[in-house]
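S.K.: Chains as they are written, first to last, in this note's numbering: chain A, 1 to 336; chain B, 1 to 336.
It is possible that part of the hints are untrue.
[To be verified] Computed list of chain B residues with no C-beta within reach of chain A, every gap over 10 Å:
id, residue
1, 4
2, 22
3, 54
4, 65
5, 84
6, 92
7, 187
8, 202
9, 208
10, 255
11, 305
12, 310
13, 322
[What the hints assert, rightly or not] Pair by pair, the computed Cβ-Cβ distance ranges are:
id, chain 1, residue 1, chain 2, residue 2, range
14, B, 18, A, 190, 30 to 36 Å
15, B, 258, A, 184, 46 to 52 Å
16, B, 258, A, 133, 22 to 28 Å
17, A, 47, B, 309, 20 to 26 Å
18, A, 184, B, 152, 49 to 55 Å
19, A, 184, B, 321, 55 to 61 Å
20, B, 259, A, 21, 29 to 35 Å
21, B, 258, A, 33, 58 to 64 Å
22, A, 237, B, 187, 56 to 62 Å
Everything labelled a hint here was simulated from the structure, so no lab data went into it.
Glycine included, each C-beta is placed from N, C-alpha and C at the ideal position.
2 protein chains.
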Amino acid sequence: MNDEPVRLLHGSGQGLQLLLNQVVLPSLHIHEKDGPLEDAALLTGLTGTLAFTTDSFVVNPLRFNGGDIGKLAACGTINDLAMMGAKPHALSVSLIIEEGLLFSDLKSFLNSLRQECETAGAAIVCGDTKVVDAGKGDGLYINTSGIGRVSTPYNLSAAHARPGDCVIVSGPIGQHGIAILAARQQLGFSSTVVSDCAALDKLALTLLEAVPETRVLRDATRGGCAAVLNEIADASNVTITLDQAAIPVQPGVAAACDYLGLDPLQVANEGRFVAVVPEASAGKALGALKRHPLGKDSALIGQVELRERFGLLIQTEIGGKRIVEMPSGLLLPRIC
Amino acid sequence: MNDEPVRLLHGSGQGLQLLLNQVVLPSLHIHEKDGPLEDAALLTGLTGTLAFTTDSFVVNPLRFNGGDIGKLAACGTINDLAMMGAKPHALSVSLIIEEGLLFSDLKSFLNSLRQECETAGAAIVCGDTKVVDAGKGDGLYINTSGIGRVSTPYNLSAAHARPGDCVIVSGPIGQHGIAILAARQQLGFSSTVVSDCAALDKLALTLLEAVPETRVLRDATRGGCAAVLNEIADASNVTITLDQAAIPVQPGVAAACDYLGLDPLQVANEGRFVAVVPEASAGKALGALKRHPLGKDSALIGQVELRERFGLLIQTEIGGKRIVEMPSGLLLPRIC
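Based on the sequences and whatever the hints tell you, model everything.
M.R.: In structure tokens form, the structure reads like this:
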């Protein structure tokens, strides 16, 4: 039974009931005693400000060193909530399954997803399952949407960086992108780099409790730190100058980037954020981050300055300054 | 520019910025003055019970008589909220675009989606855009998730039907499924049937205000009325007996079903719901529905009885009774 493939007939009626009852619902630990599936979940007791976010995950391949599409789908949405200072409360899970995906694989992806939600204290409260014809998908796409509770009204926005502020990254960069490229086995390189894919909700709240005056918090996913820092610079109308020597990069990532001609700043992360904090709070921020396992290698990597022509510059180790562009989008498709 | 195709490079970095700024955001009427795109939307002022739902739409083809994937994606989620007595408040829009989809087509689908949201008073507050390689999608998949406000705590559930209750359908059945099959142009039949695809939020609230004691409200999408009524019968542990002569079916739908060997009860709708109400409230419910344009052809189609062996039976026009099964799932894939 475990090795049965999903077929088009599992997309509605009796076939869908079977897929839900034998695979989807048990893997997500949703039980019959929880009552019948309704058209929408009812959430009570939520007050104050809520955060709401959505992400579809189309990562290729579905498994990589350090995670799989299920873990990624949970962490991605948990992290988007956390970046706005919200505690993950409820997640939706919507599956687009390509005919041929094995029941056993679907179970294992959904188990990964559920485990991350459990750890983050987010309940999976609603979902949807569609099946598309062979050749009209790529195994599995997962959408997760999330609702988070904002108990303290932090004033976070990509537009809040100010000249003088410090830029911190929560750990070494580029591991997720390199792990995905290695898993594709198409680029003539192998690598032991493990994706940084992780839920950042507790690390983010640790920082925000210690430094409530944090200005910007963004996870550096597609396009890596280069994309997110360019976005912050543009939204805040400032220039950010990075110190290349200060940017944490694991040797395996550095070697793979050298080989592939990539800049680690442009490589995706799925468990790293950048924070912009007032200069006076930088020490406190780093101290708080370093006390948490996921932030132990966090580092102060740059400074916010008055806007110049370009938004993101880097002071290189040989003394020059160069522009770090928003990645073109060509290099690393389907990284998440 | 309008006829430029989406390419893989539009999936991140500069390419994604271009796709968002030139196509996605303007089509959804999201403007730069609304501030930078953050990782999550912040929603304030929501109190009491909230409804939360998600749906991914993989309809094939993307356009059909009476709608397109954009309209469907908005209506589907609006309706799921409405079926729990919620007023649509905020929607997320997450796109999985196959390389090659034209900018102009994407714009037109997003315009359809936005228009339905505007009419329903639901704000599009967050989103995501992914691009997958040619051959790894089917033009466009759209996920929408929605948050709705429940101002009156109606006690709706698929498990609440009781013997003696009446079953009402809000209009003629099967139009959406037949419109999709006709649009596929593969089945050797043409049809002028128009999909019933519509937002049911106002019709549902009209009913609930008139008949707050309504027991069950479900839109009859995948698997049609047969699927949803079987689910209600099982969840409530009752048997529902339909009166075939009372079921509204347009002549074009009846003819197509005859030709294709389909039972209209098993054909999907995207703008029809079934309601189960106490017998004493049936007249009031029908009166309220019939005063609304979307409910003018609503009809009382059956009765809830003590559970027998099978959950759904139909009294045929020639006097017999037969079982109406949950559809197998084989007949009508990718209808929504």
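S.K.: Take the hints in turn and mark each one as holding or not.
M.R.: Each hint, compared with the structure:
1. The non-interface label for residue 4 (chain B) is consistent with chain A: the shortest C-beta to C-beta separation is roughly 14 Å, beyond 10 Å.
2. Distance check on residue 22 (chain B): its Cβ is at least 14 Å (rounded) from any Cβ of chain A, clearing the 10 Å threshold; non-interface status holds.
3. Residue 54 (chain B), annotated as away from the interface, has a beta carbon of chain A within 10 Å; the closest lies near 4 Å.
4. Against chain A, the non-interface label of residue 65 (chain B) holds: every CB pair exceeds 10 Å, the least being about 21 Å.
5. Listed as outside the interface, residue 84 (chain B) is inconsistent with that label: its C-beta sits roughly 4 Å from the nearest C-beta of chain A, within the 10 Å cut-off.
6. Chain A draws residue 92 (chain B) into its interface by the beta-carbon criterion, the shortest separation being 4 Å against a cut-off of 10 Å.
7. Non-interface call for residue 187 (chain B) relative to chain A: holds, since the shortest CB-CB distance, roughly 16 Å, exceeds 10 Å.
8. With a closest Cβ-Cβ approach of about 16 Å to chain A, residue 202 (chain B) is found to remain outside the 10 Å limit, as its non-interface label requires.
9. Even its closest Cβ contact with chain A, about 14 Å, leaves residue 208 (chain B) beyond 10 Å, as expected for a residue assigned away from the interface.
10. Distance check for residue 255 (chain B) against chain A: the nearest CB is about 23 Å away, which clears 10 Å, and the non-interface claim stands.
11. Remark: the non-interface label on residue 305 (chain B) is consistent with the geometry, its nearest Cβ contact in chain A lying 19 Å away (cut-off 10 Å).
12. Residue 310 (chain B), annotated as away from the interface, keeps every beta carbon of chain A farther than 10 Å; the closest lies near 14 Å.
13. Remark: the non-interface label on residue 322 (chain B) is consistent with the geometry, its nearest Cβ contact in chain A lying 17 Å away (cut-off 10 Å).
14. Here the CB-CB span from residue 18 (chain B) to residue 190 (chain A) is close to 34 Å, well matched to the stated 30 to 36 Å.
15. Taking 46 to 52 Å as the suggested C-beta distance range, the pair residue 258 (chain B) and residue 184 (chain A) conforms, at roughly 51 Å.
16. Taking 22 to 28 Å as the suggested C-beta distance range, the pair residue 258 (chain B) and residue 133 (chain A) conforms, at roughly 27 Å.
17. Hint check: residue 47 (chain A) to residue 309 (chain B), Cβ distance near 47 Å, so the stated range 20 to 26 Å is violated.
18. A hinted range of 49 to 55 Å for the beta carbons of residue 184 (chain A) and residue 152 (chain B) is consistent with their spacing of about 53 Å.
19. For the pair residue 184 (chain A) and residue 321 (chain B), the supplied restraint of 55 to 61 Å holds, since their beta-carbon distance comes to about 58 Å.
20. Between residue 259 (chain B) and residue 21 (chain A), the C-beta spacing of about 34 Å keeps the proposed range 29 to 35 Å intact.
21. Roughly 43 Å separates the CB atoms of residue 258 (chain B) and residue 33 (chain A), a value that falls outside the hinted 58 to 64 Å.
22. For the pair residue 237 (chain A) and residue 187 (chain B), the beta carbons lie near 57 Å from each other, so the given range of 56 to 62 Å is met.
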